[in-house]
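S.K.: Work out the full structure: start from the sequences and follow the hints.
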Amino acid sequence: MIDKFVPSLADAMAGIQDGATVLAAGFGPGTPATLMRGLAEQGARDLTIVMNAGGRDEGPIADLLSTGLVGKLICSFVRADSVAGRQFAKGQLELEIVPQGTLAERIRAAGAGVRGFYTPTAADTILAEGRETRMINGRLCLLEYPIFGDVALIDAWQADRFGNLTHRDSARNFNPIMAMAAKMTIVQTAHVVELGAIQPEHVHTAGVFVQRVLHVPV
Amino acid sequence: MIDKFVPSLADAMAGIQDGATVLAAGFGPGTPATLMRGLAEQGARDLTIVMNAGGRDEGPIADLLSTGLVGKLICSFVRADSVAGRQFAKGQLELEIVPQGTLAERIRAAGAGVRGFYTPTAADTILAEGRETRMINGRLCLLEYPIFGDVALIDAWQADRFGNLTHRDSARNFNPIMAMAAKMTIVQTAHVVELGAIQPEHVHTAGVFVQRVLHVPV
Amino acid sequence: MEFQPLDRDGIAARIARDIPEGWFVNLGIGIPTKVSDFVQDREVIFHAENGVIGIGPAPTEANINPYLVNAGVQHITLITGAALVHHADSFAIARGGHLDLCVLGAFEVAENGDIANWARSDHEPTKQVGGAMDLAVGAQRLWVAMEHTNKRGGGSRIRTACSYPLTAKGVVKRVYTDLAVLEVTPRGFAVLDMIPGMTREALRARTEATLIWR
Amino acid sequence: MEFQPLDRDGIAARIARDIPEGWFVNLGIGIPTKVSDFVQDREVIFHAENGVIGIGPAPTEANINPYLVNAGVQHITLITGAALVHHADSFAIARGGHLDLCVLGAFEVAENGDIANWARSDHEPTKQVGGAMDLAVGAQRLWVAMEHTNKRGGGSRIRTACSYPLTAKGVVKRVYTDLAVLEVTPRGFAVLDMIPGMTREALRARTEATLIWR
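Order-wise, the sequence lines are chains D, Z, G and L. Sequence positions in the first sequence follow my numbering and run 1085 to 1302. Sequence positions in the second sequence follow my numbering and run 1085 to 1302. Sequence positions in the third sequence follow my numbering and run 72 to 285. Sequence positions in the fourth sequence follow my numbering and run 72 to 285.
Rather than coming from a laboratory, the hints here were simulated on the basis of the structure. Every residue gets a Cβ at the ideal spot worked out from N, C-alpha and C, and that includes glycine. Hints may be right or wrong, so weigh each one.
[Claimed, not checked] If you want the footprint, here are the derived chain L segments under chain Z, 3+ residues with CB under 8 Å:
| # | stretch |
| --- | --- |
| 1 | 117 to 125 |
| 2 | 168 to 180 |
| 3 | 234 to 246 |
[Stated by the list, open to error] DEER-style ranges, computed between Cβ atoms:
| # | chain 1 | residue 1 | chain 2 | residue 2 | range |
| --- | --- | --- | --- | --- | --- |
| 4 | Z | THR1217 | L | HIS194 | 13 to 23 Å |
| 5 | G | ASP112 | D | ASP1102 | 53 to 63 Å |
| 6 | Z | THR1217 | D | ARG1129 | 33 to 43 Å |
| 7 | G | ILE100 | D | ARG1129 | 49 to 59 Å |
| 8 | D | ALA1146 | G | GLN211 | 35 to 45 Å |
| 9 | D | ALA1173 | G | GLY224 | 36 to 46 Å |
| 10 | D | PRO1301 | Z | ALA1146 | 54 to 64 Å |
| 11 | L | ARG113 | D | HIS1275 | 49 to 59 Å |
| 12 | D | GLY1143 | L | ASP193 | 27 to 37 Å |
| 13 | Z | THR1217 | G | GLY224 | 47 to 57 Å |
| 14 | Z | ARG1223 | G | GLN211 | 35 to 45 Å |
| 15 | G | GLY224 | D | GLN1176 | 32 to 42 Å |
M.R.: Set out below in structure tokens:
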């Protein structure tokens, strides 16, 4: 019988290696806060974190960065006055800033088997300096590559034992695409439901993308 | 008040120009058969049709091809023994054969603003002959471009006046992505529902992609 | 004659006047966010980068849904007929040309349509890009909402060329400031409207770029 | 000793034996489609290119749902726990490496793992590509189900090199025929299994490619 539920946070995080690239979902709601705490506790070092934004002085990403386990952050937005901003200023954190839509598309590309793509976004900005561009139908485009995760940390509202998920309201955000883009997708779900409780046409993230699920009641 | 419903098939098809590229969804169920008949009746000539397969001797695509209004068919699959196959053999129809996943991805790319992408699919086959390839991380990849539609013909199970749609079971197939990829997306829906009847988290194709909706009861 | 520059609400209200019913619109952070408050007589559908299509009025304290925020991570409501999608689909809307309009704030706009709104230096230590580059490039039309001049020093933000790092080149269609409404044209900014009491001379004095009247 | 080649059900059943519980599997048209009939003691989740994740047993005539078909446009049912997605998301599953296994039919397989299954000539007037190229390239592992030799002429379909246009290069991991189970290795096809009564000599006589026993 397929059963992707794991009994503890330690089980959920088992096996994450030093140097892993970890995709962490969320945009306000939808952030897998418990799993991000578990990642800090698990202790893998020299992590690359891929997340929408670098956060502030407190909260899941700030707390994770404060452990010193993260070597690089790939995101669309970092405030100078934040843990991430100060670590960067001190040379403790490498940053790769990616426009938010390009970030989403690069993650989706990793999940969909797209090995590279051209986008006009940022093509004529300093983010394109030294990088490959190409004119397509008169529009300057920038070549972007997929962002693969070794691990994805995902938040869900409901999950069944196959790993089928729903996400509540705008807590969906990066969750479905990050789940697609990682070798090991780990989910924290507010609710556990019986198989079949999520109608097939209402599944937001299909179990094919999910390896482990931890019940974290709200 | 936003109201995308049109009263008649003729109104739904109004304004389609000679030479238009028309995306026609469906994979068995989900085929917008009434709209495809309407396209034949509307009479625009020299059409390029983008559809999964070339059909057989009867059915929506065979009937449309039989009108002689179609100059080119872009699809993943054509039987020799079909209207499409025979028109091609006689030089009456141009064919562009695209692997089915690449076809879906090219259509989605048009909808998503992706101007080109690299895929390993077909890169080392005769479909890649004379075309641009590139090694990415040791994998030969083929450069593919988006397929934009002037028009998309879409089937839906439910529609509201904003053009939000649901698709029933596997009748979803190409419908959501073709709706994204055309300037003028025309829908035939089995059911008309009040605004709000489709829960926001259950919308399969958002109204932002839809221009006209025709009620075609089943 | 005296003139009274528009306040931030005034700029937002002026923009709202020009948005027809039925448009799909993304509003950036700052003045643009306020635009939706002034179009409630028309069905205009507001999109947020985090996957919301159909933002409604701000919730009362009692009605906050913690699972529902906009691109500024402020609590929102949904209109009847809203739809929710994931982040890649949401940016497909923005990048695929499906938004009739995006309204962004900016530091500077140039007469060739360049916009600078994310950094004040090429070498800024941290970079607050967010979704602005995607929206600027992808929307059918980009309007900018901003003050005409810098608060400090009074220098013009309506430029012959941007001095700050660009967000995108040649994409701005209109600028709505506290003094005027300007349209980007091949011959310079065409002045579509000025606030009461404003004169051509006074506007020229506050504008570094070329202004034309048609 | 006599041997009795497996029939099509026999090939399908032999493949089914090797599929562990929990795999996500896409089955091509023909013999592969039958594989699902032989794994009903395990939870194996079958995917179809048209957006179905979790295909169940074929429906009875009375239970046909006209809105639900597989990639061969045959009516199907869903298992409890199924999910439905659109065509691009469905091929994201196939192309993004999310299928543990794809089983396809073929005209020929070569010892370097090349597969030819869509055309018998470079110049075939029409081309029946479908989703085979996507699946062949994208799945974690590709197994082929086919007869060992051509019905007419008896020529081997297990080749040193494919003579027909390729579907993909170097992707086949195993071939399940009516005579044997072969694994693609750098030194040739390793014979993992033969049907009862089959001998090394008899199999070699029916195989154009290099066979090895480990």
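S.K.: Of all the hints given earlier, name the ones this structure violates by number, lowest first.
M.R.: 2, 7, 9, 11, 12
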